[in-house]
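Chemist: Given only the sequences and the hints, what does the whole structure look like? Please build it.
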Amino acid sequence: MKLLAIIIAFGFFHWLGKPKALQAFGWWKKILNYGQNQKWFKPEWLKSLLLLIVVTLIVSLLAWILKRQHDHELWYLIFNSVILYYCLGPEQLEIDARHIQSTEEDDSMEWVVNELTNEALHRWFAVIFWFVLLGAGGAVLYRLFDQMLKHLAPPSDSILNRLYNLLSYPVIWLMVLSLLVASDFDRIWRHCKRYLKQKNWYQQQLPLLYEAMDFAVENCEIDDYKSDDILTIRNTTLSVLKRMLMVWLVLVAFIVILTIG
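Using my numbering, the first residue of the sequence shown is number 1, and each one after it goes up by one.
With a straight-line Cα cutoff of 25 Å, these simulated PhoX-like cross-link-like pairs (lysine-lysine) come out:
1. Lys242 <-> Lys20
2. Lys150 <-> Lys18
3. Lys30 <-> Lys20
Restraint ranges, calculated between C-beta atoms of paired labels, are given here:
4. Ser108 <-> Gln69: 51 to 57 Å
5. Ser108 <-> Arg68: 51 to 57 Å
6. Ile7 <-> Arg190: 30 to 36 Å
7. Arg190 <-> Asp96: 31 to 37 Å
It is worth saying that the hints were derived from the structure and are not from the lab.
All residues carry an ideal CB built from backbone N, CA and C; glycine is no exception.
Modeler: Below you can see the structure in the form of structure tokens.
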């Protein structure tokens, strides 16, 4: 059911996009502002976190009720598809990627690869990961957490940012593994395994992902790499990211088969 919901939601998101009204999350910002105005409750981070947990639990409860009340699970599928569609993005990665064509010359090709990879992490992969793990509530949890940080802009070393990074941690490692499968496994592994030899290798997940993606795009995907060809780098990076997403879908399919079996 989750695999079908992912295919439906991502299909609508990719081909139809999302209206601006569904990208704004204005209702969530109003809730956060209301919480911030309640000065009697401290600390501020806990107040915002509790609001996030309440919304997540409500969505999870609705999904559970729909699954229990209907044997055919059609409404459960529709609910999950709608929630996942709402949480993806909020904007299509391809649309923002087109703006990179006008990137200033001072911005390197590595920046282009890293920017697209980071956006794919937060727009696609993390939402799908937590949806598979926790259902509709998981997708809502990650997206609203992301929107909360953008709205409140807490310090980088705040508890909220640390919790958000914790949610992204397993996703980044799975993205690295899916990149190995989607591109040239041997060459990428030989190039990036030095990160795993460091004492704090478990804290190097994001630099490892960026390095692996940059190496894959420049050395494994493009035969005639040109440092000034932003368009080629952009399109190739998007292609690799979509192949990584396909690896994820295949993995989810195997999990479904094993679960049924």
